[in-house]
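**Student:** Quick note, the sequences are listed as chains A, B, C, D, E and F, same order. Taking UniProt numbering, the leading residue of the first sequence gets 1, the next gets one more, and so forth. Taking UniProt numbering, the leading residue of the second sequence gets 1, the next gets one more, and so forth. Taking UniProt numbering, the leading residue of the third sequence gets 1, the next gets one more, and so forth. Taking UniProt numbering, the leading residue of the fourth sequence gets 1, the next gets one more, and so forth. Taking UniProt numbering, the leading residue of the fifth sequence gets 1, the next gets one more, and so forth. Taking UniProt numbering, the leading residue of the sixth sequence gets 1, the next gets one more, and so forth.
Keep in mind the hints are simulated off the structure, nothing from the lab. Any given hint might turn out to be false.
Remember, identical chains collapse to one label, so a pair may be satisfied in a single copy or spanning two.
Quick list of in silico lysine-lysine cross-link-like pairs, DSS-like style, CA-CA up to 30 Å [stated by the list, open to error]:
1) 146 - 128
2) 276 - 314
3) 146 - 276
4) 227 - 118
6 protein chains.
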Amino acid sequence: MAPGQPVDDLFLLASANQAQSRNGPYWNITFQDATGKIDGKIWSPKSQDYPSLEPGLVVRVKGFVESYRDKSQLRVDHMAILEADDPDVDLADFLPTSCVPPEELMEAVEDLVTEHMKHGPWKKFCKKVLGNTEIRSRMLTAPGAKTVHHAYVGGLLEHTLQVSRACMALCDVYPALDRQTLLAGAIFHDLGKAWELSGGPANDYTDEGRLFGHIQIGVEKLEPFLKKSKTLDDGLKMHLKHLITSHHGEHEFGSPVRPKTPEAFILHFADNMDAKLNIIDQAYAEMDKTGQDWSPYMRFLERNVYRPTQTPDKSKKNNGKPENQCLLPLKA
Amino acid sequence: MAPGQPVDDLFLLASANQAQSRNGPYWNITFQDATGKIDGKIWSPKSQDYPSLEPGLVVRVKGFVESYRDKSQLRVDHMAILEADDPDVDLADFLPTSCVPPEELMEAVEDLVTEHMKHGPWKKFCKKVLGNTEIRSRMLTAPGAKTVHHAYVGGLLEHTLQVSRACMALCDVYPALDRQTLLAGAIFHDLGKAWELSGGPANDYTDEGRLFGHIQIGVEKLEPFLKKSKTLDDGLKMHLKHLITSHHGEHEFGSPVRPKTPEAFILHFADNMDAKLNIIDQAYAEMDKTGQDWSPYMRFLERNVYRPTQTPDKSKKNNGKPENQCLLPLKA
Amino acid sequence: MAPGQPVDDLFLLASANQAQSRNGPYWNITFQDATGKIDGKIWSPKSQDYPSLEPGLVVRVKGFVESYRDKSQLRVDHMAILEADDPDVDLADFLPTSCVPPEELMEAVEDLVTEHMKHGPWKKFCKKVLGNTEIRSRMLTAPGAKTVHHAYVGGLLEHTLQVSRACMALCDVYPALDRQTLLAGAIFHDLGKAWELSGGPANDYTDEGRLFGHIQIGVEKLEPFLKKSKTLDDGLKMHLKHLITSHHGEHEFGSPVRPKTPEAFILHFADNMDAKLNIIDQAYAEMDKTGQDWSPYMRFLERNVYRPTQTPDKSKKNNGKPENQCLLPLKA
Amino acid sequence: MAPGQPVDDLFLLASANQAQSRNGPYWNITFQDATGKIDGKIWSPKSQDYPSLEPGLVVRVKGFVESYRDKSQLRVDHMAILEADDPDVDLADFLPTSCVPPEELMEAVEDLVTEHMKHGPWKKFCKKVLGNTEIRSRMLTAPGAKTVHHAYVGGLLEHTLQVSRACMALCDVYPALDRQTLLAGAIFHDLGKAWELSGGPANDYTDEGRLFGHIQIGVEKLEPFLKKSKTLDDGLKMHLKHLITSHHGEHEFGSPVRPKTPEAFILHFADNMDAKLNIIDQAYAEMDKTGQDWSPYMRFLERNVYRPTQTPDKSKKNNGKPENQCLLPLKA
Amino acid sequence: MAPGQPVDDLFLLASANQAQSRNGPYWNITFQDATGKIDGKIWSPKSQDYPSLEPGLVVRVKGFVESYRDKSQLRVDHMAILEADDPDVDLADFLPTSCVPPEELMEAVEDLVTEHMKHGPWKKFCKKVLGNTEIRSRMLTAPGAKTVHHAYVGGLLEHTLQVSRACMALCDVYPALDRQTLLAGAIFHDLGKAWELSGGPANDYTDEGRLFGHIQIGVEKLEPFLKKSKTLDDGLKMHLKHLITSHHGEHEFGSPVRPKTPEAFILHFADNMDAKLNIIDQAYAEMDKTGQDWSPYMRFLERNVYRPTQTPDKSKKNNGKPENQCLLPLKA
Amino acid sequence: MAPGQPVDDLFLLASANQAQSRNGPYWNITFQDATGKIDGKIWSPKSQDYPSLEPGLVVRVKGFVESYRDKSQLRVDHMAILEADDPDVDLADFLPTSCVPPEELMEAVEDLVTEHMKHGPWKKFCKKVLGNTEIRSRMLTAPGAKTVHHAYVGGLLEHTLQVSRACMALCDVYPALDRQTLLAGAIFHDLGKAWELSGGPANDYTDEGRLFGHIQIGVEKLEPFLKKSKTLDDGLKMHLKHLITSHHGEHEFGSPVRPKTPEAFILHFADNMDAKLNIIDQAYAEMDKTGQDWSPYMRFLERNVYRPTQTPDKSKKNNGKPENQCLLPLKA
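Please take these sequences and the hints and turn them into a complete structure.
**Tutor:** Right under this line is the structure:
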């Protein structure tokens, strides 16, 4: 939303705090919809029409976008609070979501199981876990991280799918790898994230997330399924647990142990790589808006990112940029 | 060669130094053939039959393998020096070499160019460089590193081929990547190693190698070809040079700059991954001899490596272990 | 055992490998009893009396202590293998053990529970876990680490007891701490070590130990007891699990998460402190033998350790040195 | 002070700078009293009533608390400057101070000397130093650090007392420690801080503090007392100096040498632990105001801190929270 | 420019962005002249007189300096845009420049060549490079860094000259050093910076600068001159290239290789030292304005810097402070 | 001493330990003279002629140099112990010493004081300290470090002189520096080393050295002289103490504080540089013996060092190598 632009739209209140100026109380609000967030103000005396406001409310806002200290800011002229049971209101409409719907991502993960899992016990184990109601429903909405990468509904699945694909592709290059155990590891490596993060409008760490971390949570969630599987070899179970436990690669990234098998190295690399490529993709999306070749300094990558000249490629219509803004090439 | 075993064989002298014991002078020798190295002694008075010995000589040795301080050691009972022009002597027979002959590896690299390089200027550039007599002949014999990984004739090509394949496989998963520039980067990322290392029996760093490093040497070797290519876009040339310059990933690994494009990240990961998998493969080869599940502590990886239980796979005959000891699956 | 000394004693074979010298095959053996280990040789032709030897055998050795390259070495003149069912042979006699018998250490731990656990559910939980047959029997023999500190039978319990005592003492200084949860954390913080290490003559890491680490193993072992405890508040369970998960303090020491509560900080400090004091105690014991003020360089502490002048203290009979060589002051 | 609240109170000016707005000059002021600090403004034209203002003045302010960019800010409507010799003005009233008065803390330290120092020369030495007029008066007012922990009048003594108590408690657990030398080290470990920091309203580093650090200053201050003590053994003096010199534990925390004795390890741990617990206590005090379970991100600890569920404890009336806001339990 | 001061002067627009307030659009501008930069605003409705403004314009401004959030800010009352071909306008007048004019600095560098280069091929090589039109013109204007040190026209030459002088002075102390190769290395060590940075009003990194770094660029620029020099020994060429390649000293500062010769160590130290002294000189210049003894915290040096008491020195007129604000003592 | 060479010479016993072989007791001895050390053996039965041997004895040895595991080793055939009061025995003859006699080095340091110290109080202070009997006698014999650099009698003075010269040379390049305070700092920066190291045949750390470090010892030794100097400004004293306290540059090298003044930066650089150049000089001396261009891996520098091609220089007779093996060019 560019400064100078009038606004008349629906938003979710992501936060709402009352403050006090010389001219009386006012509201500091963060408005959110599926495309992002914007800060805003309801100045006095209009502010006094809203004795209380709470995150999670859906509102219709009329106002105007100003710029304040180099950031856009929404000045509210009028704001109506929608009823929670308003048939027009679906909270999901206000949360950013993966381009490919989470259900399709889940299906693509299941297709990988079908394609690569030739060993019955592995196939059965994966289907059991993915078919579990709580796990499935959490995976379908969980983000892939708090803020840096894949921080949207479906983000965990999108990341899971690409890491799994990368692992399978590398098994073609290194055929001595144990493809099936690696796939199981790839699919479940970040399972704990579905409990580590709250998801939803706030998407913050949960208590469990901060106190244990997603690695330990993930192993704990798989444990009952491992116990129940009578046909899966104990050595394979141990390897799967090692893949999950070691996937951060180094102690300083929170891995209790470091990779000790080639499959564990591959999983760590694929995980790391996909997170970084997703961050760059998001930077590219921003850079495309302004036509810049260099991103601003990116704290997480500790560098600026560059969009280089692309090799001309007749087979790609628009030369390296996806046709729509869906980041994930589902049907690659 | 196990202790207690008699020996009657041809060897290359990798090193030969005279020493002095209470009983007179003796020779400390390192014998080498294509399968490895073994230290040995010629004790006095037999030692006095050889007033001088030099690395590079080929000899026929009769003797006996002893164990000394937990290492095997060859006691020489008789040693005859072969003439340099002996038709039976081919130095190459005494150097460890990649399983797949270097010429086939080079062909496989060229096949990748043919398969993926659709942009004429890229294809032409790669063919020019690979067709250059000096470059080609150096690449065909160069090792991939001094000691840790791919330290054998053909090692550079083997590493180059697998890194290139890994990059191409990942382009299938991330189709927005510039596949052709990435392939050029993968093929030439370690080109400088062919000058950084002497190869041959000693395989030590060259003066240039220690004073500049293979990154700078590699860029320098490509520079004349880049200058000559009139059709290749300047931005693509710049990207290729960035891929090579940044492929060590972090300053602390000797990268003058860090990766700034997604292709540069991918190349760094593929390079790192292939080196580590080669180290593990070598550890596995040793572990197979003794039937151990755990490798000894590996200084370079800073850990012990484990061979996990393999998922039963009917499609693999010998379950995860290559049929012969060739590490590289050429016809994957 | 000083060089020049004749030997006639019982030992456990900790390792036995055959080697080959110019004079025929010989045996490299590590002999062990409760006071330590010594390397030795059986030279040819006597070596040929023993076609095979295996770790775990108990033998009676006559021989002589030589010094070889600054280390003592036992030359075997005669060696008789005892029958496994020999009534004189108790394997435990050949393993180093804590001065205070493990059973007394366990009792002392249980006394702490009785003394400090005023909240019924905590007391019941601790008694259940400590009363479990497998856990109790493993805790009674487990070492506290592989080599560096507490590497003897009872070592885990000795460390557990001192860490628990230190935590309780600090609760007197900082009364706002939750003494009971902290005690539960102290008692069980290293529980996983009873599975991470094999104990016994070899005392090496187990596969589980290397692939998961004792933190994850410990949490896994407690999980069923936590699930079963209906009366213990969920928040307290979560805190206990956090204490165990975070007790290494920093990611680089293998903590998946870092301490987030004051109790977790205290436990980490007490654990770290006790390990270091035990290392210094062992160095002091060595220094006492030779009358040195400075220890040799200690790799784990990365320094030399000093025994300073002690303040004269009439209440201590022998001024700072324990009366016997028992390191742990049980009845303090 | 919450936004929207009228103010009529005495403050110390901690800083006062004139600035210029479109509407004329105004004053940026930091007001301070024993409970904390608040920024404020005197806008034009009222600002022109105060041609000059200086830190250290005591003023009576009438005004109003606004919120500005998420921080409270005091808008001054009227301000009267009190005479320096006003009998109502005691500067100490405007500085934050330890809950337990510094004199009582000093007494508690002296009680520890009486209780534990059985060796005459140690007792005499400690009493001499603590009895020295300059040292005593500085210790009574010195803060424990610039900002992070114990940053208030009496803070140094509070920290000194708790570190000493923790050391004495650990001597009960590890009776081989030299209790008396350790106590001397604990009492004087941070003595240099009384010169490193200016204390007072500004509480910044002094020139000496920045150029030498409190370790070197502390040793320098003790040196004359050590020289004068004829009865104290030289080895004990050396140990005390080592305790002070090494108490930061690692070079990277500014220790010129690292701990080489068990007492030095203990002192370092106790020092580190008390600083961290004090930081957490302060975070808890803030969290109690807002009812949060998690603190904001704490830069010094590099983490968020959690208040866990407390074990029910009938012996504690208010379950883990001190009855008043005094952080230190003096009569524990 | 102090708050409260009226302004009537010429400036270069370093940046100009339009923003939107409640009262209409306004301009955020950064004004620059040779002495520094100041942010400013043109408020509505005056802002509407300037439908577009671009960096690089030269303007005459009348206005007033306000303070806003502790920074000075220029409120524009009137602004006239000068014609680009206005004879009064020389862009160089608006860029900060070394005190000693770049031409004189270049002459001083050339004097060093004349004085120290006794070996014909070295002298000829240096003169060739310095005489090259593109190199000379870039060196005359290039800054020494982006922001931290020597960030002004002539900065590269000033740094080059002082590093060269320091190296020559150290050769007097260590006469075994190869003075001439070291001088060549000192003169050209940062040559690549003339292409790494854009210089000019923006002075940002160029694409080449970010993708390759100035070390690789510098070697590339010298390569043709090295190839052409037939008389210079290959070993000397190799040493010069090593000096440039290794001058950052450590991998983590972006050196592809680390110094391997004494001359390379000296060059690295001299380079590092001169950069730090220049930073301190700039801090001193700021501190002199306010009479402070301590600088504010300096992020690059990670510390505050102190101006100590100076030894009285009759030979220096103004006791350690240069007579004018020229930082470089050209005729030392 | 090359293997195969007969020996008939005087040595100091640097160490002597009895050991036990199959053939009876033998002696492991380290023999030392001014040129270095060599290990040796006295085998049984000759060993039994020497019931006890102690470090510090001077002996005449006849024997033979053997090589053992790539090191030379002296086999003793005959050994006579000289009387301690033998007029032929001067212990100093057996210790390695700086080429330039320590007295001349001291004179050269005093010449620097005379030349540069124009401020009376500085000159007087330096003369007082250097004239003190204990300090002077310790400085004349102290080594510059334990092993790595300047580890010989006179080494401290040699290092002190070169660091002082380097600082003075840099003051010519940076005339704003306070030359006199810097000189005082350079002369006394390592004063504490004369107490930190024992010097003599063993040259190990003293107790004080390990417990406090030479920085604190040095400041302590200067303190009484600083107190006595009435004319030296307090600010100058403070600066001198800061120079000494901060000269290791970074906390991780044991500096309690880091440099805060330009003089402190210069001193740190000069100190660091001189130590490294001395290490390289020693490596060069070894390399000259064997004609190698590359040194072996040097643990302290963490690299191999290279001797590059030297620029031809008619003014140097032997082209970069000193005429004799004196490392220090005293009359430069």
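**Student:** A separate judgement is required for each hint: does it hold in the structure or not?
**Tutor:** Results of checking the hints against the structure:
no. : hint      : result
1   : 146 - 128 : within (28 Å within a copy, 39 Å between copies)
2   : 276 - 314 : within (28 Å within a copy, 36 Å between copies)
3   : 146 - 276 : both (15 Å within a copy, 27 Å between copies)
4   : 227 - 118 : within (21 Å within a copy, 35 Å between copies)
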